[in-house]
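Here is what each chain is made of, one letter per residue.
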Amino acid sequence: MISVERMTKRYDGILAVDDISFEVQQGEVLGFLGPNGAGKTTTMKILTCYMPPTSGNVIIGGKSVMQHSLEIRQNLGYLPEDTPLYNFMPVLEYLHFVGQIRGLDPAYQRKRVGEMIEVCGLEDVLHRDVRELSRGYRQRVGLAQALIHDPDLIILDEPTSGLDPNQIAQIRTMIHEFGRKKTLILSTHILPEVQATCDRVIIINRGRLVADGRPDELASRLHGFQKVRIGFAGEGFNAAEAAAAMRTVAGICSVESCGTEAGLELFELEAEKDIDPRLDLFRMAAEKGWPLAELHLERSTLEDIFRELTVGVEQAVATGPAS
Amino acid sequence: MSNQTVTSIVSGNIWALYRKELKAYFNSSIAYVVMTVFLLMAGWFFTLDIFLVGQATLRSFFEVSRLIFVFFIPAVTMRLLAEEMASGSLELLVTYPVTDVEIVLSKWLAAMTLLTITLAFTFVYLFTVIILGNPDEGAVFGGYLGLLLMGGAGCALGLFTSSLTRNQVVAFVLAFTVLFALFMLDNLLMFMPASIGALVEYLSFGYHLDNLSRGVIDSRDLLYFSSLTVLGLALASDRLADRRE
Chain A
1 MISVERMTKR
11 YDGILAVDDI
21 SFEVQQGEVL
31 GFLGPNGAGK
41 TTTMKILTCY
51 MPPTSGNVII
61 GGKSVMQHSL
71 EIRQNLGYLP
81 EDTPLYNFMP
91 VLEYLHFVGQ
101 IRGLDPAYQR
111 KRVGEMIEVC
121 GLEDVLHRDV
131 RELSRGYRQR
141 VGLAQALIHD
151 PDLIILDEPT
161 SGLDPNQIAQ
171 IRTMIHEFGR
181 KKTLILSTHI
191 LPEVQATCDR
201 VIIINRGRLV
211 ADGRPDELAS
221 RLHGFQKVRI
231 GFAGEGFNAA
241 EAAAAMRTVA
251 GICSVESCGT
261 EAGLELFELE
271 AEKDIDPRLD
281 LFRMAAEKGW
291 PLAELHLERS
301 TLEDIFRELT
311 VGVEQAVATG
321 PAS
Chain B
1 MSNQTVTSIV
11 SGNIWALYRK
21 ELKAYFNSSI
31 AYVVMTVFLL
41 MAGWFFTLDI
51 FLVGQATLRS
61 FFEVSRLIFV
71 FFIPAVTMRL
81 LAEEMASGSL
91 ELLVTYPVTD
101 VEIVLSKWLA
111 AMTLLTITLA
121 FTFVYLFTVI
131 ILGNPDEGAV
141 FGGYLGLLLM
151 GGAGCALGLF
161 TSSLTRNQVV
171 AFVLAFTVLF
181 ALFMLDNLLM
191 FMPASIGALV
201 EYLSFGYHLD
211 NLSRGVIDSR
221 DLLYFSSLTV
231 LGLALASDRL
241 ADRRE
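Chains as they are written, first to last, in the numbering used here: chain A, 1 to 323; chain B, 1 to 245.
No wet-lab data here; the hints were simulated from the structure.
Values in this document were obtained by computation on a predicted structure and should not be read as measured data.
It is possible that part of the hints are untrue.
Claimed, not checked - So the derived list for chain A, only partly shown, Cβ under 10 Å to chain B, looks like this:
#1 Glu81
#2 Leu85
#3 Gly103
#4 Ala107
Stated by the list, open to error - Capping the alpha-carbon separation at 16 Å, the derived lysine to aspartate or glutamate pairs in EDC-like fashion look like this:
#5 B:Lys23 to A:Asp164
#6 A:Lys181 to A:Asp199
#7 B:Lys23 to A:Glu93
Glycine is no exception: its CB is placed at the ideal position from the N, C-alpha and C atoms.
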């Protein structure tokens, strides 16, 4: 659906996007992740034909943004970062305006406006001016304008920023809904958002693409080890003996005692990434008669990866596993 | 983007944009304020003619309207693109399937509509003159045509200056400077060498407006104003295509 080929964008002497290439499949939900100023918005502005790349090319649906911007824009819905809607228009009028400017047939336009009102839950604010809306409603109107012409490609720049948790949940539900049928690209610097909504993540830092993959894939690729937390209850239990015994379990590389907490003797173990040692640990504890109270496998989160990739590579190498 | 097909320069979308611009004018106080100020000032000079000079004529109304237009037009055009850039709504607008030319043209048409409505209100003066005296029809027609043509050129140039900045005040000052220069040029002729005098005269608003207000519709005057209009619109749409941020 989308093919970005060696795209570079330079303006005012700043290299905003530096030689990025990636592809997006039809129906995929792609998350752009990166710190502020990493080049996410610039990339999106090029994809939406707001501005052309300095070099490289972007092909959307077989057409280049350089030559066929108008055709691409016809089939694209976009919601920019700060939801810049026309404040002086009432919501209903605004939706009709967008329908008209998109050249929808009048009957189809009425039908779509009705559907958008329902999908985005705008019944209560139809006749209010856009400027009077709360942040959450404003965002819903923004989504409605991006979807009104039923585009194949939807691009949302920071769709949940500035919303309260309830509003975020609502917007995410909507994104899930559209994402099932459409190709959707969203940017964010909120990590749980990507894990909650995206099939695939691209991490951008300082204009360069630093990672590309499924959220869970990225997690295991970047970490050679998984962490296991284990806790035993009670007295009459020898910490040193337990540590030694655990080292012999298959796949366990290191054992570290974390002391006692709330009556539990806690350990943190590192295990090789392809092996799940929990069953063996449980059997071992059962054989020895140690009262197992806690056993938990921690997969590394996107947050870890994100920090490793964006806070400076040297630091990540220094503290990361020596695999 | 610069690669637009010629066939799509004017489409149905332009009317949606045009209506939006008109609504923006009449939903805010801009339209009412500028119209009121224009009509008050023009009306003041018109009544002065009748009661002080004792002449039922539109001549000084037309002359003073030119000067008022030098302020009026920048006030009408300053927000057109500067506001959209400042609020970020331009970013959304240009990702709709509309061309830069359509955007510029619809904004220009909206400004011209506001200007035409304002001029229509001055028909009150025209009717007064018809009742009280016997105005020269050619001069009246030429006078109104001159103001409309100057308005067209001024709105196009104002639209261009509005594309240069996000700040509406700066857009106003830039447009005012350009229009004031064109307005003043023929008053400076005596300070200029004869060799460039003719050129300077041709470039000034006054020279062409004087021609028109005599009731002479000459293609050279029409060409002057339409060239300025096309130039302003072309520069504005070029600026729009040249966006980087």
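Going through the hints against the structure:
no., hint, in the structure
1, Glu81, "8 Å, holds"
2, Leu85, "7 Å, holds"
3, Gly103, "6 Å, holds"
4, Ala107, "15 Å, violated"
5, B:Lys23 to A:Asp164, "33 Å, violated"
6, A:Lys181 to A:Asp199, "13 Å, holds"
7, B:Lys23 to A:Glu93, "11 Å, holds"
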